[in-house]
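J.: Sequence:
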Amino acid sequence: MDILFWSGGKDSYLALEFYRKENDIHELKLLTTYEEERKIVPFQEIELKEIQQQADKLDLDLITVPLPRQCPNDVYLNQVKKALEATDQEIEHLLFGDWKLEDIKEWREKEFGKMGYECLFPIWRKSLDELMPVLLLKPVEVTISAVKEEYRKFIAVGETYNQRFVRQLPKEIDPMGEKGEFHTKVTIKNFDDIEPKKQPLI
Numbered sequence: 001m002d003i004l005f006w007s008g009g010k011d012s013y014l015a016l017e018f019y020r021k022e023n024d025i026h027e028l029k030l031l032t033t034y035e036e037e038r039k040i041v042p043f044q045e046i047e048l049k050e051i052q053q054q055a056d057k058l059d060l061d062l063i064t065v066p067l068p069r070q071c072p073n074d075v076y077l078n079q080v081k082k083a084l085e086a087t088d089q090e091i092e093h094l095l096f097g098d099w100k101l102e103d104i105k106e107w108r109e110k111e112f113g114k115m116g117y118e119c120l121f122p123i124w125r126k127s128l129d130e131l132m133p134v135l136l137l138k139p140v141e142v143t144i145s146a147v148k149e150e151y152r153k154f155i156a157v158g159e160t161y162n163q164r165f166v167r168q169l170p171k172e173i174d175p176m177g178e179k180g181e182f183h184t185k186v187t188i189k190n191f192d193d194i195e196p197k198k199q200p201l202i
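Heads up: the sequence shown begins at 1 in UniProt numbering, then just goes up one per residue.
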């Protein structure tokens, strides 16, 4: 069994799609950490009940890990470790939606490697030309769920994340929000619920 760390945003959704594309059928579960007091996924600002709705739409089991609002790394790792060890199946890989931040990738590999887990990064260093069409062609809508204060003059919560959004971003803002400039929420729908998207691909 593999575990995908699920934030509810575009990166974890893209990781799921590329994992499914590049791997044989394999049992997969989602794992989400959240602020216990607010029942919110930190940074993403997505309610835990919305995360459960996503998992239900994807027909995947969801493991939820409560964390304190101010959560140091050692507490985070301990809580996640307990959740992973509580599963009743052997875990082969941990999957993450990291795109380009080498320090984050190395930290995950180091810390989870100590626990005996191998980390996989399905969208690592993939181009926008590879990533954006997936969001176009799948039955999902991606919206901005949170914006760092200094970028709110450029980006608004609720905006649709698409090619037009990416093209209009100032150069100092990463097109995937890798440095925390903004975060997203994926709404998973049925194919017949979505109007055709006619924007040209990047």
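Calculated directly from the structure, the hints in this document are not laboratory data. Hints may be right or wrong, so weigh each one.
Taking CB as the label site, the calculated pair distances span [what the hints assert, rightly or not]: (1) His26 <-> Asp56: 16 to 24 Å; (2) Gln89 <-> Gly113: 14 to 22 Å; (3) Lys57 <-> Gln89: 35 to 43 Å; (4) Glu150 <-> Lys114: 33 to 41 Å; (5) Arg20 <-> Gln52: 14 to 22 Å; (6) Val157 <-> Gly116: 33 to 41 Å; (7) Gln89 <-> Tyr151: 16 to 24 Å; (8) Lys57 <-> Gly180: 24 to 32 Å.
C-beta: ideal position from N, C-alpha, C; glycine also.
J.: Indicate, hint by hint, whether the structure satisfies it.
T.: Taking the hints in turn, this is what the structure says about them:
| no. | hint | result |
| --- | --- | --- |
| 1 | His26 <-> Asp56: 16 to 24 Å | holds (20 Å) |
| 2 | Gln89 <-> Gly113: 14 to 22 Å | holds (20 Å) |
| 3 | Lys57 <-> Gln89: 35 to 43 Å | violated (23 Å) |
| 4 | Glu150 <-> Lys114: 33 to 41 Å | holds (35 Å) |
| 5 | Arg20 <-> Gln52: 14 to 22 Å | holds (20 Å) |
| 6 | Val157 <-> Gly116: 33 to 41 Å | holds (39 Å) |
| 7 | Gln89 <-> Tyr151: 16 to 24 Å | violated (41 Å) |
| 8 | Lys57 <-> Gly180: 24 to 32 Å | holds (27 Å) |
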